[in-house]
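Enquirer: If you read the protein sequences in the order shown, they are chains A and B. Just so you know, we're using my numbering here: the first sequence kicks off at 57 and counts up by one. Just so you know, we're using my numbering here: the second sequence kicks off at 57 and counts up by one.
Rather than coming from a laboratory, the hints here were simulated on the basis of the structure. One or more of the hints may lead you astray.
The list cannot tell twin chains apart, which means a pair is met if one copy fits it or any two copies do.
Here are the computed lysine-lysine pairs in the DSS-like style, where the Cα-Cα straight-line distance is at most 30 Å [stated by the list, open to error]: (1) 379 to 106; (2) 70 to 371; (3) 371 to 307; (4) 350 to 379.
Protein chains: 2
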Amino acid sequence: MKSHGEPVHALFEKAFAGERRSIGQLLSVIEQGGDQADSVTEMAHTFTGKAHIVGITGAPGSGKSTLTGQLTRISSEAGWKTAVLAVDPSSPLTGGAILGDRIRMDDLAGEETFIRSMATRGHSGGLALAVPAAIRLFDAVGYDPVIIETVGVGQVEVDVAGTADTTVVVVTPGWGDAVQANKAGLLEVADIFVVNKADRPGAKDARRDLELMLDLGHISGLNDQNEFRPPIIMTNALHGEGTNEVWKNIKEHGEHLHSSGQLEQRQSNRIHLEITNRLNRVIGEVASSVLETKAGRELLKSVASREISPSEAAKQLAAKVLK
Amino acid sequence: MKSHGEPVHALFEKAFAGERRSIGQLLSVIEQGGDQADSVTEMAHTFTGKAHIVGITGAPGSGKSTLTGQLTRISSEAGWKTAVLAVDPSSPLTGGAILGDRIRMDDLAGEETFIRSMATRGHSGGLALAVPAAIRLFDAVGYDPVIIETVGVGQVEVDVAGTADTTVVVVTPGWGDAVQANKAGLLEVADIFVVNKADRPGAKDARRDLELMLDLGHISGLNDQNEFRPPIIMTNALHGEGTNEVWKNIKEHGEHLHSSGQLEQRQSNRIHLEITNRLNRVIGEVASSVLETKAGRELLKSVASREISPSEAAKQLAAKVLK
Chain A
57 MKSHGEPVHA LFEKAFAGER RSIGQLLSVI EQGGDQADSV TEMAHTFTGK
107 AHIVGITGAP GSGKSTLTGQ LTRISSEAGW KTAVLAVDPS SPLTGGAILG
157 DRIRMDDLAG EETFIRSMAT RGHSGGLALA VPAAIRLFDA VGYDPVIIET
207 VGVGQVEVDV AGTADTTVVV VTPGWGDAVQ ANKAGLLEVA DIFVVNKADR
257 PGAKDARRDL ELMLDLGHIS GLNDQNEFRP PIIMTNALHG EGTNEVWKNI
307 KEHGEHLHSS GQLEQRQSNR IHLEITNRLN RVIGEVASSV LETKAGRELL
357 KSVASREISP SEAAKQLAAK VLK
Chain B
57 MKSHGEPVHA LFEKAFAGER RSIGQLLSVI EQGGDQADSV TEMAHTFTGK
107 AHIVGITGAP GSGKSTLTGQ LTRISSEAGW KTAVLAVDPS SPLTGGAILG
157 DRIRMDDLAG EETFIRSMAT RGHSGGLALA VPAAIRLFDA VGYDPVIIET
207 VGVGQVEVDV AGTADTTVVV VTPGWGDAVQ ANKAGLLEVA DIFVVNKADR
257 PGAKDARRDL ELMLDLGHIS GLNDQNEFRP PIIMTNALHG EGTNEVWKNI
307 KEHGEHLHSS GQLEQRQSNR IHLEITNRLN RVIGEVASSV LETKAGRELL
357 KSVASREISP SEAAKQLAAK VLK
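Chain A with its partners taken away, still in its complex shape:
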């Protein structure tokens, strides 16, 4: 099992010893998926469970990248060994820019901060497996917190952010009304709401809408098995206004998870989702191969010629692979 000419276990040992380059190489292995990526997970898994996993998500243009940049700065300055994983291909973090172009990623990415973007070239299920694996690696080699930025569009992306220990959902006055926003399932995963660009008209309305939805129980937070009403924080992330408050609330939520015993539940939920996704991949591969058999190709033809429906074909194929 080789990667970049070096065995994965050797890379892992170096990563564990703090060698940044090896961490980067392992993240590339994880991105590529497959058996090698699984090996990283096998090795890292034992050493995990210490990091506070923070998800930051929001609609495109909500300023979540800017907020992520600010939180990374605050966290790093407070002495935390911070890792950031940006899963949004349109995130400026991906291009190496943080906080607009005012602070470059490199300024922050000293020994104690690791910023990485992740993109999987559209192969289905890739992101759903790669992100937990990357979180696990960061956790295992001593990063805490691990901040995940995802765009709040797309089911996988919302899932990924929603299964963090603490999920921050960023909304803006501009994104349309909150009810509309919730169609994406985005508001439901929030532990903390941020109304960013709070200097814009409509910011107070956005806040009031969220308060109302919380009052009515329309969004109690899927994440909220205990009574922790998501705070709503007004920010102007570009100018750093309110961002310390967001950071403070993230830390408080983390402490709440610890003291209430909810942390284990969160970790368990995350593992549940990951195993489900992994299981889907394993059986999905079997499913793909049955589609390529003679019987599979014939079924496909029958659907194309409208003799049978896609749902019927799926049932017949399932019967071939399931016990």
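Dock chain B against chain A, hints included.
Expert: Chain B in isolation, oriented as in the chain A frame:
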């Protein structure tokens, strides 16, 4: 099998006879998923294969909704019975606005135009099944073209647009460089490129980047099994500049698919993806239920306590359900 108090087959008959309200109700049935949604698919499937399926996708803020609005107008004015499915929760089409607020959806949505947004509340796999089912319904009841607008972020969303007969990918000068954009797998699915907001600085650069990538074969189009080099069209969709040209190219690409025999291949690819997704759902349900068994819960605990890794747990669970 009841829905809204009326059996699905009765709704289908009315939809088939052109009753708009029934079409809307069936789309709701499809959105909810499950057996009833499958019934709609079973009934509609026989009558499909006539519509030209057009996917419009692009990054958030690229103006793809505005372009979709313009194309819908052009198509309708040219006498086509046009259906639009907007899968982006942040699309202005979703809120009933088309072309900013200058033309309301209702102005277009006469007898011959059907505009609908679709949102699935984050239940994994929902979108991947609901969109093909909705396309099938529109096709069966006589809409042509069927235009699907998806945000080009998220694997499911890119897949959905990428398996259209003709896929239009909208880029803007503002989204960062084309190489970056391609990380999302977005450029690869294009049959037609649109550089929107072409009055902005950098528009020519965006065009040149795309030409170069096409020249180098970096993006030949996964869709492009034949020699059809994706044209690149400069637009300013908000002011309708270049949009007739886009429409003309969509029609030409449709004719090319017909004359080259590629249309069948496209339909077959789409059916392949749909059956794969359906099969994944069927066996995914089995997988979920095995996770809830005693053995499943114990495996989950072993992973949480770090005795075994998630990949090992997935393998053991797969062995329980697969032949």
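Enquirer: Hint numbers the structure violates, sorted upward?
Expert: 1, 3
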